[in-house]
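This is what each chain is made of:
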Amino acid sequence: MGMATPEMRIVTPAPADQDSSRAPRMVRSRAAQRLLSAERADEIFPVLLEEIVALGFPRAAALTVDFETGEIRAAAALNCSSGFLQSLETSLWASENPLVSTLHGLRPAVLTNFAGHQALYCHPLLYRNQNLCWEAERDRRHDCLAVANYRYPRKLQLQEQMCPACDMRAYAGMVVVGMKPKTADRQLKDVEALVELGNRYLARLFKVEHYYNRMRDMDITISQMQTVMQSMADPVILTDTHHRVITQNKAAERFFRLPEEVSEGGMRAVELNNMLFSAALSSMAVSGTDTSRDLTLVDVSEGEEVLFEAVCAPTYSREGIRTGMVTVMRDVTDLRRADQEVRANLDKLMQAEEVVRQDRDRLNLVIENVGDPIVVADSSAKVVLYDPLAKDLFGVGDAPRDPIQFKNYAKLDAYLTRFTFSFDDKGTEPLRLFNLTTKSEVEYDARSGKIYDTRGQVSYTVTVLRDFSTWKKLEQLKVERRMLEIEKFAATGRLAGTIAHEVNNPMEAIKNSIYLLEGQVKPKAQPIYSVLKSETERVARIVRQMLGLYRNNDQIGTMDVNNVIEDTMALFARQLERSSIRSRVDLGKLPPIVGSADQFRQVLSNLVVNAKDSMSSGGQLVIRTRHVPAPDGVHGWVRIVVADTGTGIQRELLLTMFEPFVSTKGEKGTGLGLWIVKGIVENHGGKLRVRSREGKGTIFKLELPVVR
Amino acid sequence: MKKRKHSVLVVDDEASVLFTYRILLEQHGYAATAVLSSREAVAAINTTSFDLLLCDLSLEEGHTGFEVLEYARKKNPDIPCVLLTGYATSDAAQKAEQLGIGVLYKPIEIQQFLETITTVLRDTYEQTEDSKRAHRSQAS
Numbered sequence: 001m002g003m004a005t006p007e008m009r010i011v012t013p014a015p016a017d018q019d020s021s022r023a024p025r026m027v028r029s030r031a032a033q034r035l036l037s038a039e040r041a042d043e044i045f046p047v048l049l050e051e052i053v054a055l056g057f058p059r060a061a062a063l064t065v066d067f068e069t070g071e072i073r074a075a076a077a078l079n080c081s082s083g084f085l086q087s088l089e090t091s092l093w094a095s096e097n098p099l100v101s102t103l104h105g106l107r108p109a110v111l112t113n114f115a116g117h118q119a120l121y122c123h124p125l126l127y128r129n130q131n132l133c134w135e136a137e138r139d140r141r142h143d144c145l146a147v148a149n150y151r152y153p154r155k156l157q158l159q160e161q162m163c164p165a166c167d168m169r170a171y172a173g174m175v176v177v178g179m180k181p182k183t184a185d186r187q188l189k190d191v192e193a194l195v196e197l198g199n200r201y202l203a204r205l206f207k208v209e210h211y212y213n214r215m216r217d218m219d220i221t222i223s224q225m226q227t228v229m230q231s232m233a234d235p236v237i238l239t240d241t242h243h244r245v246i247t248q249n250k251a252a253e254r255f256f257r258l259p260e261e262v263s264e265g266g267m268r269a270v271e272l273n274n275m276l277f278s279a280a281l282s283s284m285a286v287s288g289t290d291t292s293r294d295l296t297l298v299d300v301s302e303g304e305e306v307l308f309e310a311v312c313a314p315t316y317s318r319e320g321i322r323t324g325m326v327t328v329m330r331d332v333t334d335l336r337r338a339d340q341e342v343r344a345n346l347d348k349l350m351q352a353e354e355v356v357r358q359d360r361d362r363l364n365l366v367i368e369n370v371g372d373p374i375v376v377a378d379s380s381a382k383v384v385l386y387d388p389l390a391k392d393l394f395g396v397g398d399a400p401r402d403p404i405q406f407k408n409y410a411k412l413d414a415y416l417t418r419f420t421f422s423f424d425d426k427g428t429e430p431l432r433l434f435n436l437t438t439k440s441e442v443e444y445d446a447r448s449g450k451i452y453d454t455r456g457q458v459s460y461t462v463t464v465l466r467d468f469s470t471w472k473k474l475e476q477l478k479v480e481r482r483m484l485e486i487e488k489f490a491a492t493g494r495l496a497g498t499i500a501h502e503v504n505n506p507m508e509a510i511k512n513s514i515y516l517l518e519g520q521v522k523p524k525a526q527p528i529y530s531v532l533k534s535e536t537e538r539v540a541r542i543v544r545q546m547l548g549l550y551r552n553n554d555q556i557g558t559m560d561v562n563n564v565i566e567d568t569m570a571l572f573a574r575q576l577e578r579s580s581i582r583s584r585v586d587l588g589k590l591p592p593i594v595g596s597a598d599q600f601r602q603v604l605s606n607l608v609v610n611a612k613d614s615m616s617s618g619g620q621l622v623i624r625t626r627h628v629p630a631p632d633g634v635h636g637w638v639r640i641v642v643a644d645t646g647t648g649i650q651r652e653l654l655l656t657m658f659e660p661f662v663s664t665k666g667e668k669g670t671g672l673g674l675w676i677v678k679g680i681v682e683n684h685g686g687k688l689r690v691r692s693r694e695g696k697g698t699i700f701k702l703e704l705p706v707v708r
Numbered sequence: 001m002k003k004r005k006h007s008v009l010v011v012d013d014e015a016s017v018l019f020t021y022r023i024l025l026e027q028h029g030y031a032a033t034a035v036l037s038s039r040e041a042v043a044a045i046n047t048t049s050f051d052l053l054l055c056d057l058s059l060e061e062g063h064t065g066f067e068v069l070e071y072a073r074k075k076n077p078d079i080p081c082v083l084l085t086g087y088a089t090s091d092a093a094q095k096a097e098q099l100g101i102g103v104l105y106k107p108i109e110i111q112q113f114l115e116t117i118t119t120v121l122r123d124t125y126e127q128t129e130d131s132k133r134a135h136r137s138q139a140s
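In the order they appear, the protein sequences are chains A and B. Going by this note's numbering, the residue at position 100 of the first sequence is 100; the numbering climbs one at a time, nothing skipped. Going by this note's numbering, the residue at position 64 of the second sequence is 64; the numbering climbs one at a time, nothing skipped.
Calculated from the structure, these hints are not laboratory results. Treat the hints with care, as some may be off.
What the hints assert, rightly or not - Label-pair restraints from in silico Cβ distances: (1) ASP123(B) to GLY588(A): 34 to 40 Å; (2) THR48(B) to ARG538(A): 38 to 44 Å; (3) ASN76(B) to VAL641(A): 47 to 53 Å; (4) LYS701(A) to GLU60(B): 44 to 50 Å; (5) LEU655(A) to ASP123(B): 47 to 53 Å; (6) GLU60(B) to GLY519(A): 30 to 36 Å; (7) GLU61(B) to GLY588(A): 51 to 57 Å; (8) SER16(B) to ARG481(A): 54 to 60 Å; (9) ARG574(A) to ASN46(B): 55 to 61 Å; (10) GLY588(A) to ASN46(B): 47 to 53 Å; (11) GLY62(B) to VAL641(A): 43 to 49 Å; (12) THR119(B) to ARG651(A): 45 to 51 Å; (13) GLY62(B) to ARG481(A): 38 to 44 Å.
To be verified - On the chain B side, residues computed to face chain A include the following (Cβ under 10 Å): (14) PHE19; (15) GLU40; (16) TYR105; (17) GLU109.
Just so you know, even glycine gets a beta-carbon here, dropped at the ideal spot from N, CA and C.
Generate the whole structure from the sequences, applying the supplied hints.
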């Protein structure tokens, strides 16, 4: 405690108490002994009054001032009647009362003829002392009230009777002594000295009691503060300047104090916690600006990691010297976890948004490049998206609509409403709209589809508008080009036919003649004869092939493709076998085809012969037929695949192989086979495709339309 | 039964072709009469009874083989005929089929030419023999 300061010890006892020195020694010493033995302030008055009476005075009373009300009452009395005491009672504000004025004057006085009493000796009492109070002493100040009252006697002012150093409220009172008719001056001197001595002791006890009360108050305050601190769920720690723990609450003890029975792990955890904590404090003290820091500590009893936010505030002494820090730690584990979750969710959300954005961009890219106007509408048939072409057609946004756009929009709106509220998933309808630049009506084919949400409700409809006129033009162009090709083919064919026909008769004669010469040629001329014969046969084959196309324009009827294949394969069975070619015929169920069975037989023969020729050292020939129904269910195709495992077709031949007189077979081939195949297939409205890999084989794929 | 030579009338406006057909037929044991025009053919049919008629489709001056064949059929409804042609319109092909007339397209494989003749003759006359036989057995 700060009491035992050197200043206190060298204080000398009252040096200039002349009044008391004049008091009779015996009385003084006995009275002093008695007064000194009083341990409490309220024991002083009775002792004092007894000693006064003992001096030979008939009666005495002690009055005290109530600082709250200003009332003056008797606190103790000896040999006083109640009437006498009542006559003494007054108030500090009753200034005309001689008692009161005496009190205010703070000097002893003898009142004669007061309220009809015999003379009264009145001695005012005030808290006064020649020593500074401990507070003033400690703080090296000199405005202690006790000393001020002692040194500067003055009028009693209640508002001044509060010590600025220790906040002690002074007391004020008066000892009233009844005098005998004859009282010696010595007697008065004695009583004065006695009262002064009593007041000194009173002041001392008063001071002790004041400090005791203050201590009690502080104890209460401390315990209240302790309660507050302990009841805090957050750890609170007070540390000194070396970051040593001065005090901490229970919440903090869970982390920084070793429990009774502790495991080695727990011990380590406490050590680690302390280390982390002082490290955090040090770094905060060093930085000077940070007042909070995140800190992960281990709960010693539960072993869980807890994330804290430590908030620090420095503590200062009265003198403004830094004494340490108080740290309050907030458990932010849940907070941070929540924060992390929010962050993670945000990340996910952003990723999802990114995916959606990419999808949207891709979709937009698609929409913008379709080349047909596209309109997306919501579930109430309200348009939410136009592609640039649709924007031109219907007018969008704030720009004033052209009357034509308005008309177009009205038609679109009607259509969208019809479609959106229909029960159909898909819709298609011709829509006649006006072209903005040519002002002419254009026929569009509106095709719409519905997009459903997860609950199966329509969320959007997408409508693509195909410019029917352009499409029709395109189709027309395609048809014309095909016609031209067919025409070209036919013209070439006719020319070839004419030539062949003209050549035909002479050749017939030559061929027959050669046959007739058989066996009549001299052996020497035999090789020449052979050339003659084989070359003539070759010419015959060419002519036969060419004429084959135009002859046999036999009845175009319905034919069973499978039957034709079976017939043809039967015809070639022996040849294929001889070339060690395995053949596999896989015939699907087919509808009848409109066409010429003879021509188709020729197609097939040519393909089979080609396949056979490409597999000189054996292989496999596969013929497969399938019905490919069309989506509309009415038409469709018959697909015939002829595949071999032969030598394949050279890449550079793929482009020219269907032209006449292109052959890989030298003298054996006419170069007309595939040309004829193509011609016949196209005359049937069919398609012919070929895929080939050198050394692997060739696949011909024929598709003939099914017409009903 | 003693095998007699079948008599064949062959008509073609190309003399060289006609010549080779005649030689071919003779070499293979047929009695061949070769004429260059429909007119000559009609004359020949009037004078001779043929077993088989081989006739080119397109003849002199726009005449066709059908005329010759029809004339011959008037004389002998059962006479087998084969059209020889380099080019037949679908009408002609259809007509030939209706009349039960075979068609050989030039250039004609000689084997096929000979086989067709043999087959047609055999079918016609063996069938005729059969039907005669059947007739006789019915009568008795």
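Going through the hints against the structure:
The hinted range of 34 to 40 Å is satisfied by ASP123(B) and GLY588(A), whose Cβ atoms lie roughly 38 Å apart. The hinted range of 38 to 44 Å is satisfied by THR48(B) and ARG538(A), whose Cβ atoms lie roughly 39 Å apart. Roughly 52 Å separates the CB atoms of ASN76(B) and VAL641(A), a value that falls within the hinted 47 to 53 Å. Between LYS701(A) and GLU60(B) the CB atoms are about 49 Å apart, so this pair conforms to the stated range of 44 to 50 Å.
Take LEU655(A) and ASP123(B): their Cβ atoms lie about 50 Å apart, and the range 47 to 53 Å holds. Taking the beta carbon of each, GLU60(B) and GLY519(A) are about 34 Å apart, inside 30 to 36 Å as hinted. Between GLU61(B) and GLY588(A), the C-beta spacing of about 54 Å keeps the proposed range 51 to 57 Å intact. For SER16(B) and ARG481(A), the Cβ-Cβ distance of about 45 Å falls outside the hinted range of 54 to 60 Å, so the restraint is violated.
For the pair ARG574(A) and ASN46(B), the beta carbons lie near 48 Å from each other, so the given range of 55 to 61 Å is not met. In this structure the supplied range 47 to 53 Å is violated for GLY588(A) paired with ASN46(B), their Cβ-Cβ distance being about 59 Å. Restraint check, GLY62(B) to VAL641(A): a C-beta distance of roughly 48 Å satisfies the suggested window 43 to 49 Å. Between THR119(B) and ARG651(A), the C-beta spacing of about 48 Å keeps the proposed range 45 to 51 Å intact.
At roughly 39 Å, the beta-carbon separation of GLY62(B) and ARG481(A) lies within the given 38 to 44 Å, and the hint holds. For PHE19(B), the interface hint holds, the least distance from its beta-carbon to any beta-carbon of chain A being 7 Å, beneath 10 Å. With a cut of 10 Å, the hint placing GLU40(B) at the interface with chain A is violated, because the nearest CB-to-CB distance is about 18 Å. Hint status for TYR105(B): holds, given a least beta-carbon distance of 6 Å to chain A, under 10 Å.
The interface hint given for GLU109(B) holds, since its Cβ lies 8 Å from the closest Cβ of chain A, which is under the 10 Å cut-off.
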